[in-house]
Amino acid sequence: MFLRVAWLVMRKDLTIEVRSREILYTTAFFAVSCVLVFAFALVKEGRPLEDAAAGILWIAIAFAGTLALGRTFERERHAETLRALMLAPTSRPAIYLGKLLGIIALLAVVEAVLVPLVGLLFHAPFGARPFMMLALLATGTLGFSAVGTLFAAMLVRARSRDVLLPVLLYPITIPVIIAGVRGTAALLEPVPDIALAGMWLSILTFFDVVFVTLSLWTFEPLMTE
Amino acid sequence: MKRLFAPLVVVLMVMFTAAPLMIAWAPCEATMGLVQKIFYFHVPSAMMMFLSAFVCGVASVAYLFKGRPAADRLACAAGELVVVFGAIVLVTGPLWARKSWGVWWQWDARLTSTLLMWMIFLAYLLVRKYGGPGSEKLGAAMALFGTANVPFVYISVNIWRTVHPTTNVIPLLPPQMKGPLWFSAAAFLLLYLLILAVRVRLEERRAELEHAYLLAEEI
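Listed in order, the protein sequences are those of chains A and B.
In terms of our numbering, the first sequence opens at residue 1 and continues consecutively.
In terms of our numbering, the second sequence opens at residue 1001 and continues consecutively.
For reference, chain B alone in the conformation it holds in the complex (with noise of 0.2 angstroms):
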């Protein structure tokens, strides 16, 4: 698997060269312009913060009930990119949103969902960085109670009324703009997945230097 990691980071840089090059081609909105755009952005990046607050989701169930700690540094790793990716998606939908629909923040069912889900995350990793000893456990916790909350997020736009376009929107683009999206998406994908080998990599290693360090001291 380790051998994949170079090939895959060339096929991650060629994908992202051509993803500019397809979002240029797709077709323009007809009443958006040029700032649709952002949406080829945007969504892969929502995409992707629900898909890691999944992974952190249930790599916590795991580490609290099994006890794993590989499970433990998963979710460390997934959580930080729920962060990542939300803040990518919480910037570039103003941006988006200021153009399209005037104001910068609206309090509609997706919006503030989705803010309120980047905020759970944000909490997980304030309380396994300041919660002292035995805060893995707490964080797992805080990520099963997140993770609960995102049906909640992805229900409430077809509950409530909302500014914000609803998720049925996908199946209706024209074939022109589902190819780079999907494109996009995959190419975060492909992204996502990288950084989180990476991560989880970074905790293995810290994990076993702390268990060289532990040994040492009983020598």
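This is chain A alone, in the form it adopts within the complex (with noise of 0.2 angstroms):
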């Protein structure tokens, strides 16, 4: 029942935007323009700075991963549809869940665009170890949507909505950046150090495992007046 309900909301905010297609094109032309912006201003002799691959992309990851979020609930509140959610006679972790996964479907497809174009624009070699890579970006992903949208979700109501956000996302969500960025750091070395990106990924999932339960936990108490 748990994981039909999160199913069966994470297809309506699936169809929504298969059918008009508004914030994935408007996030994943964020991300390349992102990318852009960074191109230009790290450079050293003239060209872009390749070192900072691992870092751009990561970053693009997160700036447009706090747009889609904030974009979603928009959408929700604009519709009046969360409180139709909050009435639905079900466990209220099971739409976090949903609403969860339909995020991480959003941001999956942002950054299916954004990695080959990074590895492109920088000479990153980012598919020299691609289950890893896959395995970073898929738990790095996880642990920055979690607690975007607990906090996007809360935020649905609140005044100065669009830049509490952000400041209140960015803060705690610095150790997946950290561990992100310096994991696959270890990834594009000439000689890739599997050993460190482990650990980076280790410590990735461990965030994972606390913040996704945190959020599970709180979600109920946080959307209740």
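All the pointers check out, no bait thrown in.
With a Cα cut of at most 20 angstroms, we get these calculated EDC-like pairs of lysine to aspartate or glutamate:
{"hint": "1", "chain 1": "B", "residue 1": "Lys1066", "chain 2": "B", "residue 2": "Glu1136"}
{"hint": "2", "chain 1": "B", "residue 1": "Lys1066", "chain 2": "A", "residue 2": "Glu220"}
{"hint": "3", "chain 1": "B", "residue 1": "Lys1129", "chain 2": "A", "residue 2": "Asp162"}
{"hint": "4", "chain 1": "B", "residue 1": "Lys1002", "chain 2": "B", "residue 2": "Glu1204"}
{"hint": "5", "chain 1": "B", "residue 1": "Lys1129", "chain 2": "B", "residue 2": "Glu1210"}
{"hint": "6", "chain 1": "B", "residue 1": "Lys1129", "chain 2": "B", "residue 2": "Glu1080"}
Have a look at the derived ranges for each label pair, beta carbon to beta carbon:
{"hint": "7", "chain 1": "B", "residue 1": "Lys1002", "chain 2": "A", "residue 2": "Ala108", "range": "52 to 60 angstroms"}
{"hint": "8", "chain 1": "A", "residue 1": "Leu8", "chain 2": "B", "residue 2": "Pro1133", "range": "26 to 34 angstroms"}
{"hint": "9", "chain 1": "B", "residue 1": "Lys1099", "chain 2": "A", "residue 2": "Leu3", "range": "53 to 61 angstroms"}
{"hint": "10", "chain 1": "A", "residue 1": "Arg159", "chain 2": "B", "residue 2": "Glu1218", "range": "24 to 32 angstroms"}
{"hint": "11", "chain 1": "B", "residue 1": "Lys1178", "chain 2": "A", "residue 2": "Ala88", "range": "57 to 65 angstroms"}
{"hint": "12", "chain 1": "B", "residue 1": "Glu1217", "chain 2": "A", "residue 2": "Val156", "range": "23 to 31 angstroms"}
{"hint": "13", "chain 1": "A", "residue 1": "Glu80", "chain 2": "B", "residue 2": "Ala1070", "range": "28 to 36 angstroms"}
{"hint": "14", "chain 1": "A", "residue 1": "Thr81", "chain 2": "B", "residue 2": "Leu1193", "range": "41 to 49 angstroms"}
{"hint": "15", "chain 1": "A", "residue 1": "Val156", "chain 2": "B", "residue 2": "Lys1178", "range": "45 to 53 angstroms"}
{"hint": "16", "chain 1": "A", "residue 1": "Arg157", "chain 2": "B", "residue 2": "Ala1070", "range": "19 to 27 angstroms"}
{"hint": "17", "chain 1": "B", "residue 1": "Ala1148", "chain 2": "A", "residue 2": "Ala105", "range": "24 to 32 angstroms"}
FYI, nobody ran anything at the bench for these hints, they're computed from the structure.
For glycine and all other residues, C-beta sits at the position ideal for the given N, C-alpha and C.
Quick one: dock chain against chain with the hints and give me the complex.
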């Protein structure tokens, strides 16, 4: 029942998204322009700094993720469907999980565009250790989205919600960014440091477990007035 | 309890008068000399910062899950004190670092994590102030997540290589340094508890005033 509800919520979000593709296109475009801005800003000897590839990738994911989160819940607020969701006779954490899965699906598509693009522009061999890279991206996106979905949901009715989401989200998810960037950088070395990347991966996993649990636990009391 | 307040303030003032003497009598550290003595302010402030973060986190959980307004008031006060004591740590730290390491700041694990925690609780204060109605709950969630980061902060120095002295330094201190350190820590603890009590009382008065306004409107 729990999983079915989550699946239904996720399917609803993805159906709307597939039909309009609004958030997907705008977020993907924003992520690409972000990468371009960094490419022009971080310059060494007239050419973009190639060592910054890992950092730029994760920053673009973080910024794009924040935007996607804001837009997704803005859509709910605008259509006043959040109240309908809260009135549904299901467990609230299931709704949270459905929303989380929808955001992750969205970010996965954005990352599918970003990773090859960053690899291309910065000559970064992301494909050298694809499974490790995928694992890092997956755990990092999960950690970021878990906290982000909770905060975006709870800020829906707050004043100054647009600026408060990054203000609240970034400090909490900096460990995710650090681990993601350092792990990715370890993989991009001329000789990939698998052990180091593995250590960062386990830190990311630990973070995910802790914060998904916390989010599931606090979603209910936070959304009640 | 309220009658203890004035005598405790006197005790605190005596402790803070005695502390500089104890610190001056403590032996000078071999490599750093006089500058090392900022340690007696830096470390207790850091202890109070972490303690306050813990108090804020626990009070926030109590407020989120039990809805007790007293817990929210305690969380608000403790959150502010994290920022205050954190500011002390983040100012005394670089002052000491400049003289002993030669740089104002290092991006090692302990410093970065402490800065992070300070910013999390700064964000806590921002959301309480600008979040609009219902911002107590938003702040409580922020404090909970912030406190969950505290173990990351403490463990980080033992997992990653770091320039900052590890937490193992304290047991290795000579007894002449341990005395002033624990005395300073006790003084800071007393200071923290008294300021916390005053701040919570202020919040209680504010709540009473609001309650009175609402009652007056009904009449």
